[in-house]
Amino acid sequence: MERRLGVLSRHLGSHSPPMASGNPSEMLFPSPTAGFHGDSVFANLVQAPEDPILGVTVAYNKDPSPVKVNLGVGAYRTEEGKPLVLNVVRQAEQLLVNDRSRVKEYLPITGLADFNKLSSKLIFGSDSPAIRENRVTTVQCLSGTGSLRVGAEFLAKHYHQRVIYIPHPTWGNHPKVFTLAGLSVKTYRYYDPATRGLNFQGLLEDLGSAPSGAIVLLHACAHNPTGVDPTIEQWEQIRQLMRSKALLPFFDSAYQGFASGSLDADAQPVRLFVADGGELLAAQSYAKNMGLYGERVGALSIVCKSADVAAKVESQLKLVIRPMYSNPPIHGASIVATILKDSELYREWTIELKAMADRIISMRHQLFDALRARGTPGDWTHIIKQIGMFTFTGLNTQQVAFMTQEYHIYMTSDGRISMAGLSSRTVPHLADAIHAAVTRIN
Amino acid sequence: MASTIPDEMLGPAPTSGSHGPSVFADVVQAPEDPILGVTVAYNKDPSPVKVNLGVGAYRTEEGKPLVLNVVRRAEQMLVNDGSRVKEYLPITGLADFNKLSAKLIFGVDSPAIQEKRVTTVQCLSGTGSLRVGAEFLARHYHQRTIYIPLPTWGNHPKVFALAGLFVKTYRYYDPATRGLNFQGLLEDLSAAPSGAIVLLHACAHNPTGVDPTFEQWEQIRQLMRSKTLLPFFDSAYQGFASGNLDADAQSVRLFVEDGGELLAAQSYAKNMGLYGERVGALSIVCKTADVATKVESQLKLVIRPMYSSPPIHGASIVATILKDREMYHEWTIELKAMADRIISMRHQLFEALRAKGTPGDWTHIIKQIGMFTFTGLNTEQVAFMTKEYHIYMTSDGRISMAGLSSKTIPHLADAIHEAITCVN
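Each protein sequence line maps, in turn, to chains H and R. Our numbering puts the first residue of the first sequence at 1, with every later residue one more than the last. Our numbering puts the first residue of the second sequence at 443, with every later residue one more than the last.
This is chain H alone, in the form it adopts within the complex (with noise of 0.2 Å):
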């Protein structure tokens, strides 16, 4: 209080004239118009809960055991345990870096030109009628989050069904992000923890029965938390039910690539809802595809019915960012665009990006086979059914915890691993803790 005093009276003191009262010490002491009477106005705040999975992060930091392993958030790591960057993106960082004509200017409030339509080929394919009908709206977004949030600020105020259908499980943050832009949300049966599989009757049954024009959200591949997918069967059969009720796909893509290590075969399913000439959103990431999480690189491309309306959608979407954050970042965008558009950079990605994908695939082979070495009860075959960079273990709450606090392995507490994760030098330990962890508790 004395400090805050001195440093007011130096204040005045040194810029102001004298001051009505005439008296300076009656501008030092506490007076109505100090700032500090009363309470805080935020005195009634709680403690916001720790994020779900970045916590786990949090947790692992602070474990001093040699032996711990993190297996919480879906970062890629080598088979060192270490981050990756593309070696593509550092070349394309440093032609970027090195050409004294680049600006700094803001972009366009939809973004980099150059990256919506490289990332709309992308995911569409560079022959989809959609895009050479001019159909499709695509605006550069913060990654597949921002995506998500501006296309549904979007829909809430322009679509005239403002409920989404949420596959159960999913990503821990669709939900809120969904409910902050304005929709309600519900959910539709998706994982069935007796097969560790699809519950595709229940999927159907769910999106059956869902309102009509109601919007669905769809993991394009590689679902998170479970890793598991439909067959391009099975898809078909969702867009027949989606199309005959006019429910609106709103396509979450956030491993194009990255799930199989083919970008057209992970971009299928995003196919064929194009395909038939209907309407659909889909919200793009380059955080794990092209490993650049903390730059925060997306797209959301909404396919229209016609050029017309796509050119009036995009009017509207530049009033949803606008007042969020007025314009998108370059820095991420312009490496993504440097190396989509040359045909030697495109090439060496999909090279690297098929091996990340690989080692993935590879690791879980080895647990697989670490696990049946052992003997550990239960089938464990969706280890390698599922697809992508997680595996739905099964795994119960105590289990996790059991493991965490027996073996330092940290995983969100549904049981998700992150295959990134693991290494050849891990698989055993891990194999260790769930063997330890299924025999000993129920």
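It should be emphasised that the hints constitute simulated quantities derived from the structure, not laboratory data. A few of these clues could be false.
[Unchecked claim] If you want a taste of the chain R side facing chain H, the calculated C-beta under 8 Å gives, among others:
#, residue
1, Pro507
2, Lys600
3, Val601
4, Gly701
5, Arg720
6, Ser750
Every residue, glycine too, gets a C-beta built ideally from N, C-alpha and C.
Add chain R to chain H, keeping to what the hints say.
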């Protein structure tokens, strides 16, 4: 999965998607953003004498965008550092950047910082900081009305409305004097309900360039504290207005020093020329460290569902510069050079109008501060200047001094002169 789609799955069918109109058929074409629309129109103009005085982005004497030397150096260092990775930042952003940003605006010796009463989170430039702060207030603050000055930056009302606040205005600009309507300001803030939020431009008011004097700021502070009005500073021009980082932060520091609470949105778009990298910070100064911790935890719940975490590149450039004494020093020199060039443009334009004997009092050109001059020209005069002289500005008569050069000032002076004498 099959790599091609079988033929029977293609083509219109009852379950094809191509029946019926678009579900977005009723969406109307939104009007172009008025400020950005100026540049759109400018770009379309083929005239060789066209001048863009629209968007507030700095231009050199040669009319070119500027990337600061110190920014290029910092960027080279970062990109050449093979040990750097691109992992997700925490939700609240780059920790170093946050600490350094708080010190920059509040002062390195700020008691609020020393007492850990400040939470600072990295956001997307000024806009993102305002939006996150406003969403936080809409959720957690008891009063959901924010008072904004009339006029203010065109995007302010939408930022606050979409965040869930109700927007009211307080008198600010006096067209008669082209200065501050201080009496009106005090009256309107006095009449505001207790606890209302008040948006304050920390310096270089946009669009008018009219700032309160330090004494007036002290009166505003006293009034606001006596009515427990909550200050929300928008600081987009620190160092850019006067050329001095500390001087441009005086208004904010005055409020911090009385021990009270406030919000402050900082942007590095102009003062570090980092426009497109979207670098900024939101700080909330609280009564206690305990409250600051809780506030920070709740800010995360605003950010995570919006974009999860902020972008790493621009904030890393800022942190690199702010933490290195030599680079910081170089930055202040480059910053002052930009501010000085703008002040020089003000004087040149004023002199040019005086030399022409253009009717009216043009001293506001040299009294106003920052990137913009509120010329006082009306919409007809503005339209005339665009049509006849290919001079582009926002319809409220705001011109960006940063868009001028010694070469283009005569042309602008001619245009103003003719607009004043021929158009009313």
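Tested hints:
Contact between Pro507(R) and chain H, as hinted, is supported at the beta carbon level, the nearest pair being about 4 Å apart and thus within 8 Å. Because the closest C-beta pair between Lys600(R) and chain H is about 4 Å apart, less than 8 Å, the hint holds. Proximity of Val601(R) to chain H holds as hinted, the smallest CB-CB distance being about 5 Å (cut-off 8 Å). With a cut of 8 Å, the hint placing Gly701(R) at the interface with chain H holds, because the nearest CB-to-CB distance is about 3 Å.
Here the hint on Arg720(R) is kept, as its CB sits about 4 Å from the closest CB of chain H, short of 8 Å. Of the supplied interface hints, the one on Ser750(R) holds, with its beta-carbon coming within about 4 Å of a beta-carbon of chain H, less than 8 Å.
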